[in-house]
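Undergrad: Read off the chains here:
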Amino acid sequence: MTVIAIDKELCTGCQECTKVCPAYAIEGEPGQPQTINTDRCVMCGQCVQKCKAYLSVWEHGKEAYEAKKRERGLPQSVREPLFAAYNVCHLNELKDALADPEKYTVVQAAPAVRVGIAEDFGMELGTLAPGKLAAALRRLGFDKVYDANFAADLTIMEEGTELVQRVKDGGVLPMFTSCCPAWVTFMERNYPEISDHLSSCKSPQQMGGAVFKSYGAHLDDVDGSRVYSVAVMPCTCKEFECNRVEMRDSGWKDVDVAITTRELAYLLKEKGIDFNSLPEEEFDMPLGDYTGAGAIFGVTGGVMEAAIRTGYELITGEAIPDVKVEAVRGTEGFRTANVKVGDLTLKVGIVTGLKNVIPVIEDMKAGRLDLHFIEVMTCPEGCVSGGGQPKLLMDTLVPEAYGKRRAGLFAHDEALPLRKSHDNPAIKKIYEEFLEKPNGNIAHHLLHTKYCGD
Amino acid sequence: MRNEMGSFVAADNTKCTGCKACEMACFAVHNQGNHVGNTVGTVELPITARLYVTRAEELCMPVQCRHCDNSPCLNSCTAGAIRREEEKIIIDEDKCIGCKNCMMACPFGAIELVPVYRAGKEVLLPGSTEVRKTASKCDLCVKRGIPACVNACPNQALSLVTPEAELADKRIQAALALALTNQA
Chain A
1 MTVIAIDKEL
11 CTGCQECTKV
21 CPAYAIEGEP
31 GQPQTINTDR
41 CVMCGQCVQK
51 CKAYLSVWEH
61 GKEAYEAKKR
71 ERGLPQSVRE
81 PLFAAYNVCH
91 LNELKDALAD
101 PEKYTVVQAA
111 PAVRVGIAED
121 FGMELGTLAP
131 GKLAAALRRL
141 GFDKVYDANF
151 AADLTIMEEG
161 TELVQRVKDG
171 GVLPMFTSCC
181 PAWVTFMERN
191 YPEISDHLSS
201 CKSPQQMGGA
211 VFKSYGAHLD
221 DVDGSRVYSV
231 AVMPCTCKEF
241 ECNRVEMRDS
251 GWKDVDVAIT
261 TRELAYLLKE
271 KGIDFNSLPE
281 EEFDMPLGDY
291 TGAGAIFGVT
301 GGVMEAAIRT
311 GYELITGEAI
321 PDVKVEAVRG
331 TEGFRTANVK
341 VGDLTLKVGI
351 VTGLKNVIPV
361 IEDMKAGRLD
371 LHFIEVMTCP
381 EGCVSGGGQP
391 KLLMDTLVPE
401 AYGKRRAGLF
411 AHDEALPLRK
421 SHDNPAIKKI
431 YEEFLEKPNG
441 NIAHHLLHTK
451 YCGD
Chain S
1001 MRNEMGSFVA
1011 ADNTKCTGCK
1021 ACEMACFAVH
1031 NQGNHVGNTV
1041 GTVELPITAR
1051 LYVTRAEELC
1061 MPVQCRHCDN
1071 SPCLNSCTAG
1081 AIRREEEKII
1091 IDEDKCIGCK
1101 NCMMACPFGA
1111 IELVPVYRAG
1121 KEVLLPGSTE
1131 VRKTASKCDL
1141 CVKRGIPACV
1151 NACPNQALSL
1161 VTPEAELADK
1171 RIQAALALAL
1181 TNQA
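Chains A and S, in that order, are what the protein sequence lines are. Using the working numbering, the first residue of the first sequence is number 1, and each one after it goes up by one. Using the working numbering, the first residue of the second sequence is number 1001, and each one after it goes up by one.
Keep in mind that the hints are not guaranteed to be accurate.
[To be verified] Below, in silico cross-link-like pairs of lysine-lysine (DSS-like), each with a Cα-Cα straight-line distance of 30 Å or less:
hint : chain 1 : residue 1 : chain 2 : residue 2
1    : A       : K68       : S       : K1133
2    : A       : K428      : A       : K324
3    : A       : K404      : S       : K1143
4    : A       : K19       : A       : K429
5    : A       : K62       : S       : K1100
6    : S       : K1095     : S       : K1143
7    : A       : K269      : S       : K1121
8    : S       : K1015     : A       : K8
9    : A       : K95       : S       : K1121
10   : S       : K1121     : A       : K69
Hints in this document: simulated from the structure, not taken from any laboratory.
Extracted from the complex, chain S is given alone in its bound form (with noise of 0.2 Å):
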């Protein structure tokens, strides 16, 4: 059997300037359905990104869904609103009850509970003039190809990590190296 693990963006912070174009082309493309175009202008509802640029000291960088190959998000959800799609953990928002035990559950904090909007509106709660809530993360831009955030940055501070690749390069490199000093 193959071990495969599930792929996720990662960010460098000796490249990432804190300008949140990531952020911003997350809540674009994942927004569509609430009629957010190319512009500014098209927007109705308040931004929502799926991943944070953080400040932390000195550094500042994006953080985002590790896709873990655990998922204690998945463990955790009651409703079994999370699932695992080609690695890939996804949430299902229209089974989300929003109970925040994921939130807890995640030790990145990428995960957050944001209301629910359909075709630019609030969704209320049935009976109700509460606003429905559900969990929300990255889930990879998995009709998209390469992931907005990635694409959007102006440094290249972003990128999307295939575990299997990455370590097949450094063992690679580490093989050159070691030939080398068997060569000296």
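Extracted from the complex, chain A is given alone in its bound form (with noise of 0.2 Å):
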């Protein structure tokens, strides 16, 4: 499937993608269309948010914008400029879905989705629109508005668990996370002898797939075959996740189809939706209740922290004495901190923009590292800045984008009631009444897989 791509009509030979791309996937010569090579090309849609090739109606004329708007799987009441770099657009399976009666619809929106959306509407870069993003989402009709907020701190709770046993019972260390697609698919690619270091985990966005088909199809009395599961993502790899054969642990597919932010934005224009005039609503319960632990998993350090939080106390069976933890935050491509959790000095490494990991194993395989865990995200500053998310249209605004967008979603945990995943009611009822333990049985036949696999 393709998921990145250039044109080859706009491309300029510029190679201002070539400098972004952490993987070395986009090839030319200067001064002539770049081409993707799609066995390097981890997804991460950067090069789609560096473009500035556009199509120019007065060069190109009318027809020709609406010729690439239809190959590209646009919307036609799409006015925006386009780019040679694009990701493939998956909205038209969407709208089928949604006006099929047979299909119970639902859908989860990432983090850092509610510190973009209104960008792309003229507010300020990085409004926090929790509320708005639910209405708006509820206006395309959705049957369920569940979170993928919810689905962060279900992750937390099983990969904290995986860390501890990993720590308690001298397992592989370090172990890293593998919510993001790009770097699990970078570390498969590249280094596949290390793939033990991996958490088993999911991204919270199959987490969150996999439990809406099961135990929300039966909380919603509905079947499971009927569930259509929507993922809205500020990252171009969803959508290749979801189409991995790994992903299809309910029994369907768990997550049907995965749209970036932008594409979210595109589909309320088309349907008349004004997202800023929209009332504050809620998410739909249990399945989107969540925490302030869930809200950071949309910035670099923020699943490190969320599982610290957690790990603190399944470690020392005491409460942390301070949830924000200052010591893994900052925007560093690879920074490190010592946390003391009880006896234990729990040693983490944070890498944000995937350039960076490369030193990191490199020092692992030579024996040179000594981590217990580190948080691998592809995009600069982590899902704020990820290539689905609203485009910038000057460079210039990057640094307060970005930094922004970070301080939304830390004001948001900052805000909300609770704080540590595993203080989420939701949580502890899903395993009460269904997922037993953390770990567990139905929660590893669900919620874990193995990547790398043969």
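From these two lone chains plus the hints, build me the complex, please.
TA: Below, the structure written as structure tokens:
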């Protein structure tokens, strides 16, 4: 399947995209149209964010503009400029599903979407809008507006437990996070020999999908076969992830389609939904309930911070003295911290920007790395800077945009009544009623996988 | 009387990669009144930039207005729509009749005739379904300080040239070089 492409008719061969591609996947001569080497491309979409080579209606004509929109699967109502580097749009499949009365449509949106989507409606950079996001998804006609933040809390329960077990039982360390599908793909292709270092946890998107079609379907009294599961993501690689053969543990495809933040904006505009004037609404319970720990998954260091908040309590039996784990915040490409957890000093590392993981892996293989747990995110500052987020017209706005999107998620975390995943009442409920215990049999079947499989 | 010359944006073709970041920035800052915000998703009108990334054989670079001191565009304008303002040549889009005299007079191809948009909508000619057009060119981001294109270039290929300063610099370099030969 094609996820990311470069349009030969528009590419000027400036090669600015090659400077941001973390996988050295863009090939071609300067001044000539570039091509993507799909064996290397990790589908992160940073080239899509970077590309400024637009189709000029004056130069190429209105016909060419309309033809390209059709070719890329974009709605007719789209009026924004089209660029050489793009991701293939899957809105048509989603629209068919929403129009099909036989389908029970369920949606989840990632943390970073709520600090991105309003930008495409002219709001300030990094505007935090979870209430309007929930309302917007409901106006589109979804039967249930659940949330990837709930699934992020669930991921912490599973991944935190897995880490504690590895540390206590002398398992393979350091353990790497597995939430970022571009990172997972990169590791599978380039470093399959270290795959046992990867957490067996699925990403929040895929945990959410597996739960919606099993437990969620049961709660809503519908057959799992009728559930059509949609993910709105800041990420272009999530569409690839949901099509992986491993991601069918509910008995069906766990997530049927993943669209980007930008594509959600297209759909809302096509339906005439004015995002800014929507009321603040809640996500549907229980699978839309979330804590601050789930919300910060969208920033670099956020998964680590959320895991420490829960891991601390798992190991010591006591609540962490300060939920704000300053030591793991920041935006440097690789940073480490020692966190005191009872008698244990937990040594953690955070990688953001996929290129920065290569020296870390090389150090690990050479025995020079002494860490327990490493978070890896492909995009420059985590998912807030994802390839599917609203695209900035000027790169001079990048520091402000990423900074404000990060600040928005941290502010969201601080304002939420619960800030630790294990305190989420919906998380307690799903373990009581369905999953039994973290890393238990049912959880293992639905929420974990083996990457780099045969 | 001081000999003041108009500043202009100039490109260095050895640095320009042809990425069009300058065109996008130019469009963005000149269309805030058309609801263009920070992101591509806020754009609902065709991109029109006031500088033109141009390919010629092996090289590429943007071409834009030189704010000529003898300004052939101003001299050719029959509608009084072009004026000199602090050494900048500015087009008044409300007065422009779209006659294209300035386009023809400009030796750099730096002026284009474009449809007029206000508040994101095409402006029509009175009593007509035809879209009103205007001559359009670089205004050196008159209200913004450093031109947006100069700021946006990822390769520092664009600079705001101030001819007096440029000349003073060159003369100092020449004097220093000459002093060395005199010593020898």
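Undergrad: Against the earlier hints, flag every one the structure doesn't satisfy and list their numbers going up.
TA: 4
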